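Engineer: For the sequence shown, numbering that gives the first Met the number 0 begins at 0 and goes up steadily by one.
To be clear, the hints were calculated from the coordinates, so they are not data collected in a lab.
Values in this document were obtained by computation on a predicted structure and should not be read as measured data.
Heads up, a few of these hints could be off.
Below, a list of computed lysine to aspartate or glutamate pairs in the EDC-like style, where the Cα atoms sit at most 20 Å apart [what the hints assert, rightly or not]:
hint, residue 1, residue 2
1, 12, 61
2, 134, 14
3, 12, 137
4, 65, 30
Across the chosen pairs, the derived CB separations fall in these ranges [unchecked claim]:
hint, residue 1, residue 2, range
5, 106, 164, 27 to 37 Å
6, 62, 89, 21 to 31 Å
7, 158, 98, 20 to 30 Å
8, 30, 7, 10 to 20 Å
Using N, Cα and C, we set each Cβ at its ideal position, and we do this for glycine too.
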Amino acid sequence: MNVAESELRLHLKAESDTEKLGRILAGLVSDSGQGAVVFLEGDLGMGKTTLSRGIMRGLGHEGAVKSPTYTIVEPYEHLTPPAYHFDLYRLGDPEELEYMGIRDYFQGESLCVIEWPERGQGILPVPDLLIRLGKSGDGRSALISASTTRGGRLLAGIGEQWRQGQGH
Numbered sequence: 000m001n002v003a004e005s006e007l008r009l010h011l012k013a014e015s016d017t018e019k020l021g022r023i024l025a026g027l028v029s030d031s032g033q034g035a036v037v038f039l040e041g042d043l044g045m046g047k048t049t050l051s052r053g054i055m056r057g058l059g060h061e062g063a064v065k066s067p068t069y070t071i072v073e074p075y076e077h078l079t080p081p082a083y084h085f086d087l088y089r090l091g092d093p094e095e096l097e098y099m100g101i102r103d104y105f106q107g108e109s110l111c112v113i114e115w116p117e118r119g120q121g122i123l124p125v126p127d128l129l130i131r132l133g134k135s136g137d138g139r140s141a142l143i144s145a146s147t148t149r150g151g152r153l154l155a156g157i158g159e160q161w162r163q164g165q166g167h
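Could you build all of it, start to finish, from the sequences and the hints given here?
Structural biologist: In C-alpha cells:
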C-alpha cells in the first residue's frame, strides 16, 4: 500500500459525527500501543476543536476540552497514551516552537493533535494522519490522508469502524 495515496472522505452530518470520528481515532491509537501525530486543517469554525474534544474524550478525559489558542499546548498527560493538543493559530514564527521545546512532545508514545499545523512548517514532524475539515452541504466533510505506515493502519481502522457504525 502506498500510504501517500491513502485517503478517506467522510461526511459529518452533525457535531456528534465529528466527535465520533475523534473517539474512533482515539480508540485506535490507544489500542495500537503507539502514539501518533495528527494534523487538523480547516478554516475557522470547521470543527477542529470538536474533533480534538472527541479524541480526548475517547481517551477517557471527562473535563472540558478547549482550544489552547493562547497557551499553544494543552497537555493531557493523565491519559493513555499521554496526549497533547496544540493550537498554532496565534503563533508568530515557527521558531517559537523550538523555544518551547516542541520536539520533546514527539518523543515516546504520545498522541499529538495539532490545529493550524501550517504555522509550524519546517519545525513539526511529518504527520501520521492529516485531517482536513471543510463545509459539505449542511454538514462537514473530513478528508483523511495517511503519510506514514502507522497513519495507513489508523486510516484503515477509521474506515472500517466508520462503515460498521453507519450500518453499511
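Engineer: A separate judgement is required for each hint: does it hold in the structure or not?
Structural biologist: Right, here's what the structure says about each hint:
no. : hint                     : in the structure
1   : 12 with 61               : violated (24 Å)
2   : 134 with 14              : holds (12 Å)
3   : 12 with 137              : holds (7 Å)
4   : 65 with 30               : violated (25 Å)
5   : 106 with 164: 27 to 37 Å : holds (33 Å)
6   : 62 with 89: 21 to 31 Å   : holds (23 Å)
7   : 158 with 98: 20 to 30 Å  : violated (39 Å)
8   : 30 with 7: 10 to 20 Å    : holds (18 Å)
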